[in-house]
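Colleague: So you can see what is in the structure, the chains are spelled out below.
Number of protein chains: 6
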Amino acid sequence: MIPHLPGLDRTIEAALAEDLALGDPTTTSLIPVHLTGRASFVSRQAGRLAGIDVALAVFKRVDPELRTKAMLLDGDIIEPGAVLGSVEGRVASILTGERTALNFLQRMSGIATATALYVEAVAGTTATIVDTRKTAPGLRSLDKYAVAAGGGKNHRMCLGDGILIKDNHIAALRAEGISLAQVVKRARTRAPHMVKIEVEVETIVEAQEAIKGGADVILADNIAADELAKVVALAKGKVMVEASGGITLENVAEIARTGVNLISVGALTHSVKALDIGLDYDA
Amino acid sequence: MIPHLPGLDRTIEAALAEDLALGDPTTTSLIPVHLTGRASFVSRQAGRLAGIDVALAVFKRVDPELRTKAMLLDGDIIEPGAVLGSVEGRVASILTGERTALNFLQRMSGIATATALYVEAVAGTTATIVDTRKTAPGLRSLDKYAVAAGGGKNHRMCLGDGILIKDNHIAALRAEGISLAQVVKRARTRAPHMVKIEVEVETIVEAQEAIKGGADVILADNIAADELAKVVALAKGKVMVEASGGITLENVAEIARTGVNLISVGALTHSVKALDIGLDYDA
Amino acid sequence: MIPHLPGLDRTIEAALAEDLALGDPTTTSLIPVHLTGRASFVSRQAGRLAGIDVALAVFKRVDPELRTKAMLLDGDIIEPGAVLGSVEGRVASILTGERTALNFLQRMSGIATATALYVEAVAGTTATIVDTRKTAPGLRSLDKYAVAAGGGKNHRMCLGDGILIKDNHIAALRAEGISLAQVVKRARTRAPHMVKIEVEVETIVEAQEAIKGGADVILADNIAADELAKVVALAKGKVMVEASGGITLENVAEIARTGVNLISVGALTHSVKALDIGLDYDA
Amino acid sequence: MIPHLPGLDRTIEAALAEDLALGDPTTTSLIPVHLTGRASFVSRQAGRLAGIDVALAVFKRVDPELRTKAMLLDGDIIEPGAVLGSVEGRVASILTGERTALNFLQRMSGIATATALYVEAVAGTTATIVDTRKTAPGLRSLDKYAVAAGGGKNHRMCLGDGILIKDNHIAALRAEGISLAQVVKRARTRAPHMVKIEVEVETIVEAQEAIKGGADVILADNIAADELAKVVALAKGKVMVEASGGITLENVAEIARTGVNLISVGALTHSVKALDIGLDYDA
Amino acid sequence: MIPHLPGLDRTIEAALAEDLALGDPTTTSLIPVHLTGRASFVSRQAGRLAGIDVALAVFKRVDPELRTKAMLLDGDIIEPGAVLGSVEGRVASILTGERTALNFLQRMSGIATATALYVEAVAGTTATIVDTRKTAPGLRSLDKYAVAAGGGKNHRMCLGDGILIKDNHIAALRAEGISLAQVVKRARTRAPHMVKIEVEVETIVEAQEAIKGGADVILADNIAADELAKVVALAKGKVMVEASGGITLENVAEIARTGVNLISVGALTHSVKALDIGLDYDA
Amino acid sequence: MIPHLPGLDRTIEAALAEDLALGDPTTTSLIPVHLTGRASFVSRQAGRLAGIDVALAVFKRVDPELRTKAMLLDGDIIEPGAVLGSVEGRVASILTGERTALNFLQRMSGIATATALYVEAVAGTTATIVDTRKTAPGLRSLDKYAVAAGGGKNHRMCLGDGILIKDNHIAALRAEGISLAQVVKRARTRAPHMVKIEVEVETIVEAQEAIKGGADVILADNIAADELAKVVALAKGKVMVEASGGITLENVAEIARTGVNLISVGALTHSVKALDIGLDYDA
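Protein chains in written order, with our numbering: chain Y, 1 to 283; chain C, 1 to 283; chain R, 1 to 283; chain U, 1 to 283; chain A, 1 to 283; chain Z, 1 to 283.
Read the hints as simulated data drawn from the structure, not as lab findings. From a predicted model like this one, the values you see are computed outputs, not experimental measurements. Fair warning: there could be bad hints in the mix.
[To be verified] DSSO-like mimics (lysine-lysine), calculated; alpha carbons at most 30 Å apart, straight line: (1) K230/R / K238/Y; (2) K185/R / K230/R; (3) K212/R / K166/R; (4) K273/C / K153/Y; (5) K69/A / K60/R; (6) K166/U / K153/A; (7) K185/U / K153/A; (8) K60/U / K69/Z.
Chain Y extracted, bound-state conformation (with noise of 0.2 Å):
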């Protein structure tokens, strides 16, 4: 079963929309309606697997009647040659939904298998890796399902399940003459009671400023590790530190080291490397 992703199924719908706005006059002209036939998922390469659920969604959406197994599950890891799942009914069905189901699986398992190379780097630390909310439009939840097949943790979803002041905020609001402890103040009072506020700061004395202002979590942007280690020192243990800004997998297992809480990772989402993953017809 696929889990409750919001929207997944509007998702699948457009992607097969903008494929089959004209039909599949190829498949059409050349395949029988009647022959039917077998198809697998195979991976040319290691990682980690996530969407080979949504990948057979896309196949029973082309053609309800057309039966798909699952081999391996999101999560899992996989080994060049895996086979991670089969499609089996009309020829026809099957080859015009491959692109769309390849399209979303490759994607899917290409985030999952970057979040798995950062959160191993970061083992043995009490850093989690998390994602961030540059995704690509329209593909939230796939996304962030990935990086958590990948065994990564999401941050927000949305700008509305959690507080989080960034740079232009406090910029907006310091050019009215509003200090850093008084905006988070004001978010303490006003913001919805059950998420916490997270507050992002550029210096030690920032990350002091936010934590007196009554900030859960410190949103630590592009601070070296030394520093890093003083904003932990700071937080006691009381106050969540998220590092973040130019992280790689060269990097950040010393900026785990700092002990920090959170590493967020907007690669892991805008520069996604498609796991190479093909469709092999079962002759």
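Assemble chains C, R, U, A and Z onto chain Y, guided by the hints.
Modeller: Below, chains C, R, U, A and Z alone, put in the same frame as chain Y:
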């Protein structure tokens, strides 16, 4: 003016809807409704611009009273620090639209930037860089628009604006005892008369068979450069030849020098590296 | 300007669509197209205003050339006879939009009016009146906006902007042999880090267990005032306490005096009494 | 089977979408995917049932594999403790749909319950209780279905299935020097031939004029019982008479005894008191 | 101004979407973005105009900056060569919208033209020409608007704005042993009070039975002119009589002279002959 | 199985929505919910079948529990009295879907029937009958599917699956001093490489110029048969020739004998004569 991109309004609306599902309580809590200001898109990297009009349209959708201005045009070369465009009006509206606008702009400019590198790499040859249908689900027309902004040319927009007989079509029919030449002839008879017929081949023998069958274009998939040159010779300038599979910035020039007409690069759209662009608040 | 209410355009469009499924033959038969005039929203009752901008937006949607004007702001106290806003232009358009506009305005002002009574009843205590997810299907964001206009605060907008472990979650897990404290710990580990965890309890013992498990907020459901005070004492100001269940205008002050932080009132939105407002034609 | 309610699928989908905009992290964090169980709708109050099939359809929409069963039919009298229906299958799916299902069921049963009280109050007279277009935006067909379940009859579903000349139509045309009788005649000539013409009047003189003009139905708005009886006499059984305005459970019987054919009660749908119904987990 | 046609925006959007699924590469390839010009709708035939505002609205939807102007009004008589309206602005936008605009205009004017011929043919009789629900799927309101522009009157817009008991209703109930008169009485009791009841009959005996049962309108289906006159006599002016079935321009006058009130012509909308109208570029 | 027609689900849903905007009170009032029965589509005319699966799908959409069966296939020749398909189950559901199902079936079979007549008229020649984009707004893919069922071939589905340089493109560019040959060359350079380029011409001289410019197809608009033969000679079998304009059943054979490859007939879809098909209740 934004060129007529099919479904653009809906794509922007969907992207905003997923970010604004619960409104923007951070901004609502902090920013006075009547506070006005200005912010500018600034590139942190060199590259090629695409999506500036789309990004500005996001702001107009959030608040029709915002005033927007593009400083550069899609397709323009950009240097680090370049100001790409600006938005002016209610600060609350600017902050609410910021992330969604950037998500479009960074992805599209990333695609254009990568495309331009490939185009440059084949300069002086007869080869044209083209894209594939390996786009992010729901973003087909934007992804392809960005390829064009980067100097590439678009291959099929969907399954219907060209006949492309792929490996799995051929495999399924071969299992029924139908030869490649027969497949191409069948397509010739039944396909719409306004579109061309392209046939995927993996060997010179298949290329010969496809040309005999009447193909307009040969898609030479994963064929080494020296063999590719032979396919080009077979085609004699009457049939177009497209190279695909495993194309990288390192090998694309060599491929181009074989005399192929087209080189398709899936990575342009399936493995996008976002261009680093920010929105700076103008104090 | 209307605050950014998620989905407002669609809600207005849907409401008009159901009333105008067959057009408005009464008006079309009777009213000359070019006849112009003016009409005003007038309250027949005292109360609290909410929805005036929404109601006026209905008219703009029927006919963009209508000119509208709000005389009062959402949240304002209104007396019988108060003129809330006006619309001017084609009489046919005004008559076509009248009922739909009033349906929004009467419901929203009804919600704000009831909320204001509860807020007033707890004045001088530390308790805040909050709403619930017991809203009319499809009207979640408007119903909650009206609560805020009446001086209340919004609880969760949806299932995702806060963790609320309810009786049925606990019952289902208890049947599996999982204790309340274990449930809360499980949530603590797996839930998003930006939202708080609230736990529904029915006894002091459960409240203790929830606090020990790490709850951020205790939802004391149907607990009598004297017992509630004990829950508040347990919470020691470190954990918030919300009272719910059977709250009426008669008993809300007594509940508030126990020192609870929040009192949620389902009736604010599930049992709305429309405020009596009319649209008077200005002869 | 649910009667064919226009737009029901979309209404359910929209209601779920607003609650599940970010999924259901509480349930996802806590409840194992494969845990199954059963829950039942139980009424805490006496009343009249409406919406049980709609509520069960909500669960099927959340998870098509849930099995649902209605124990009672819409329109049935219910006592406190009555089991209305049940749902069985994945516990996670049941918990995710609970609130949305209840929001439909409680509102609709509330409407049916109030309607039944009015219908009972006029038993033995010739008057029929009818509803109005004062429904919650977007819920027109469900609100009216619930009135019918409570024993009431539906007035116009929209602006197009009947001609109803209201006070503001008459006011606008009177300002142009057109008399009430002329207005009715104009409608007679131009309106569709399959619908009846109803005219709102506030005095006996106006009623006479409307009847002379050819009205099929007289809407006597806010006319006292003794005057109403005179309107009924004027109508002589050839023209229907509908009473409206200020109808309450206290005065409805007196109004009915005047011999009017119809009594419309806006409060049935604009001021709904939800029926108290819960979903009990069957341990 | 376009009269409020339910769903017009969506209908135009859907029509453009199907033509512009892949954009307009011919125009994009050829026409410079900033080239401006003007084009005019010119009729090649005599007829009756309908849809000019709809056609011009298509252009505004393609490009809101186009300037449009109607030279004639819907319902006007047009001669060959008549200039109906014009559009001015970006040439690319005009060319992109041309076909879709013409598809609306030619169909609607074709309907109006045919209707006008029928209306003229019954001039001087008491009969009114009405349409049916035999419209092109999705174009109900536009098709019926065009009938009205041609001088006809609209019958039911949908299944809900009138009760029409058809042959299959009667056949299904007769199989249950329920007589025609009983059927009509059942409808009288249960149907909404604001709509009239029409009954389809095929013989005089059935007509008598329907009138006795309380029908408001008799639909005499495929009854010869001499028999029709007897039905009219039975109706005595108290019940309306509608003739239908096999109506042509040749026999409609004879049918009209029987004294029927209404003559419904399915061919007006199910067998439309497009009016020949072109869009001429103004050099 | 219905071939994959883009947007079919939505088209059926929209058609039902416009007919069922207010439900079906006639059927609801009269037909007991549990009454079951059967009805069959019967042709009253000879012709060619198209749309039987679409019509049956309408019933499944009204009530998924209806059982449907096609007796003939789209494309089959039908005689008067032929039974095309049947539907069985709840009588109420059958009656509710009847008109909408027939509206699809009658239009589509009308198109197929007319197409078959044209195809038959050119039998023995090399000419193929093709359609145009002059389809009913919103019904593009269904109209074109019906042409194919009648034995015709589809021209462009939309503006994007072929380049067609029409009179107004040429006129606009000629006004800028650009010759026809230059126009064609510009298209050759900029247009997508997978589609062919067709050029509309009105004289032999223009045909020559277009061929020289590199056109793949010549659209000879309103050119008399003897001149047409000369265009065919010019094309020498290397460029396709399409005749259009003023084609009728009377002159189509003469046009075909000129040796043109394609004859396009706008009337196939812009001036449809519905095939007379009824739904007979099986007593």
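Colleague: It remains to establish, for every hint, whether it holds in the given structure.
Modeller: Hints and how they fare:
| no. | hint | in the structure |
| --- | --- | --- |
| 1 | K230/R / K238/Y | holds (27 Å) |
| 2 | K185/R / K230/R | holds (23 Å) |
| 3 | K212/R / K166/R | holds (17 Å) |
| 4 | K273/C / K153/Y | holds (22 Å) |
| 5 | K69/A / K60/R | holds (23 Å) |
| 6 | K166/U / K153/A | holds (24 Å) |
| 7 | K185/U / K153/A | holds (17 Å) |
| 8 | K60/U / K69/Z | holds (27 Å) |
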